[in-house]
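Here the protein sequences line up with chains A and B, keeping their order. Okay, so the first sequence: first residue is 1 according to the numbering used here, each after it adds one. Okay, so the second sequence: first residue is 396 according to the numbering used here, each after it adds one.
These are calculated hints, taken from the structure and not from any lab test. Any given hint could turn out to be false.
Within a straight-line C-alpha distance of at most 35 Å, the following computed DSBU-like cross-link-like pairs (lysine-lysine) qualify [said to hold, decoys possible]: (1) B:K546 to A:K209; (2) A:K389 to A:K30; (3) B:K411 to A:K381; (4) B:K461 to B:K645; (5) B:K461 to B:K721; (6) B:K461 to A:K268; (7) B:K645 to B:K596; (8) A:K268 to B:K596.
All figures in this text were calculated on a predicted structure; none of them were measured in a lab.
Now for the letters of each chain:
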Amino acid sequence: MPLWPKDTLTTGRSPRVLFVWGANYLNQAKGFLDVYQTLWPKLDLIVDLNFRMDTTALYADVVLPATSWFEMWNLNTTDLHSYIIPFTPVIPPQFGSRSDWQIWQGLADALANTGVVFQDSLPDGTTITRDYATLGTDFRTLNTDGQDLSDDKDACQFLLDSSVETNGLTMDGIAEQPARLLETSEEWTSDLLPNQAYYGFQRMTEHLKPLHTLTGRQQFYIDHDWYLSDFREELPVYKPPVDADLYPLRWITPHGRWSIHSTYRDLKFQLRMQRGRPIVYLSPSEAQARGLLDNDPVEVLNDHGSLVAHLCVSPRLPAGMALMYHGWESYMLKNNLDDTSGFKNGWQGPCTIRIKPTQLVGGYAQLKFRLNYWGPTGNQKDTRVQVVKYAGTLP
Amino acid sequence: MAKITGQVQMLFDLNKCLGCQTCTSACKTAWTDKDQGQEYMYWNNVETVPGRGYPKGWQTMGGGFKACTNQVDLSAPLPSINRDYGAPWEYNYDEVLTTEGGDATVGMLVPAPRPDAPNDYSSNWDEDVGAGAHPDAYYFYLPRICNHCSKPACVAACPRKAVYKREEDGIVLIDQDRCRGYRYCIKGCPYKKIYWNPIVKKSQKCIFCYPRLENEDPENPLAKNFCVTQCVGRIRWVAYAEDTTSNLYKLVNVWRVGLRLHPEFGTEPNTFYIPPLSPRVTNGTAPRIPTDLLAEMFGDNCSQTFEQRKARVEEVFAILEQERAKVAAGGTSELVDILTSYSESDRIQL
Ligand code: SF4
């Protein structure tokens, strides 16, 4: 996986500006407290482009108010289905907010006004000149022949025109009626089959197109050295939890159906249909062993952090597990980040990221770094915690 | 009561409900989020079974007609808003999220009133708790609206004739001008689907989205009940009882897989439920959701015995399993086609 700028870890260079866009980074980062205690002090400027006040926005220097889905033209899609989804402005931007496209454009113009020119070197060693003076125009015209894309809808149309999947569709057309992609390019694993939902790997099963694996087939066996001798994982294998955080309960934080990650987590209408505040689940036997009753305030803790929530006792849980659906805002848990009593909160407080060495393997057939497909991920499944009755007072 | 010339009906396939509450939110934001006094009301709610439900313990609270007679049971106590329906919490968003150019003044978002007392409750407090023991613990989701019953106990209970059943479609409504807030209807309704608005001091309830039925949008004729159009699981069918070509009619009368919720209450509900199948228990053949529990809840009419109801639940399961097996073996089944129908026009037939 590329680490950029080069030698970051050895030269003492450190990040200065954090620009968060389309994420609630601070709240959702594993190792929550580490991020806040080690990264935040290094930063001169934290900018958050956001349509709501969330934990990250509360701890940013500047919040750029963005439009939500129904105040702008925009596009959305994924490679898991075959539709392209338009966002349309049902209402005009509220309270001075701007669409993401307009905000980025404004930033490009502001940088252009600085007139900064400098030399930059690319990873491959070539040197190029960066001239900010043209940034605003470059942004608006992209690499078109001077076509003006300053308008959100025009920019969306440009995207449609530029992809083989969507060249031929119009923004007005897809706003009027849902439209499938017109074609799938080489990168997709399936053709578009009329009257059939899109599913993966149809080209492999029906046209016998080889997979990008060493054998060209589905492959469970990996004969890379690290897998073979260093970690003995050449075939899928069960391994017990790593020998750290020797606490009794596995900590499980699945996606919930009450939010999309942290979005809507703090919404009154949603909370009224739950228990009104963060809850953590234990089985009846684990609750009983700790003398805990349903709706008791409890502290979930390990060496990395702790949080206070209320207990929900449910027989659907196995013994040995503590479960909390994810995405609670830090301000929904006890105190705020700056609490000096040593209390560490944030729903990700107990989680750290442990890099799994085999996921660092690259350049070997299908094991090749590709964002969201292969690379080191947040392996937090070995996290273990204790749950105890919370003795303090809650606000 | 005047003769009903048409009757709306709704059917829910409990095998498909995700408990996502999209229906509840659609109903809430359409009908009960503007007027004061309605905050706690969910004309459509979805509760976890087993569980105490909404309001707490409604299944044993009383109301309805005694033993298939015409005598309304008015002995039930009136549920309390905070204790039984659940307090509609408000939150200190302004203190926590408004920073006034600096730090927010308060660090924690808390519900008010705080749900700390042992009896505190909310409309969905028992969500996902369930019963049994791991790995055979079980629960399912039960969406509920007013059943727009053919023999409405609320209508029978009202001394003012403020609650009435419309002749043209059987929708049960409360005339807000006639209502004096006596609340006999709330005692009389065994499903506790009428709510007291303490601000306007009148009773209010699910209106089956009748304004959407009456003012059909020619561009969008399927834009009917919000809880149906928004249902993510596509678990709901609506139709007039008289329309023998509808899919709802076929499910209830031809395939006979739709059962009534607590028919022993004697009100002849116009909502039907397909009971939930469940996996077998570990090391056994019994379904994880005990059939006894389902037979206590579902049946066809007020005079069936428990054994007859249990036999009906088992019969429904047998039909579902048989038709599923046909499709799994490469065959076709009208029942499975209807249950998995994709397009709104196959489910919204009003
Ligand atoms: S929207 Fe449909 S699937 Fe979701 S809870 Fe309501 S009835 Fe169930």
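Just to be careful, I want the Cα atoms of B:K461 and B:K721 compared with a cutoff of 35 Å; is the pair within it? violated, 43 Å
Please work out if B:K645 and B:K596 have their alpha carbons no farther apart than 35 Å. With Cα atoms ~42 Å apart, B:K645 and B:K596 exceed 35 Å; violated.
Holds or violated: A:K389 with A:K30, Cα cutoff 35 Å? holds, 24 Å
Hey, A:K268 versus B:K596, does the alpha-carbon distance stay inside 35 Å? Holds: A:K268 and B:K596 sit about 25 Å apart, inside 35 Å.
35 Å limit on alpha-carbon distance, applied to hinted pair B:K461 and A:K268: violated, 40 Å
35 Å limit on alpha-carbon distance, applied to hinted pair B:K461 and B:K645: The hint holds at about 31 Å.
Check whether the Cα positions of B:K411 and A:K381 lie no farther apart than 35 Å. Answer holds: B:K411 to A:K381 is near 30 Å, not above 35 Å.
Would you mind confirming whether the straight-line C-alpha gap from B:K546 to A:K209 stays at or under 35 Å? violated, 63 Å
In terms of the numbered hints stated before, the structure departs from hints 1, 5, 6, 7, listed from lowest to highest.
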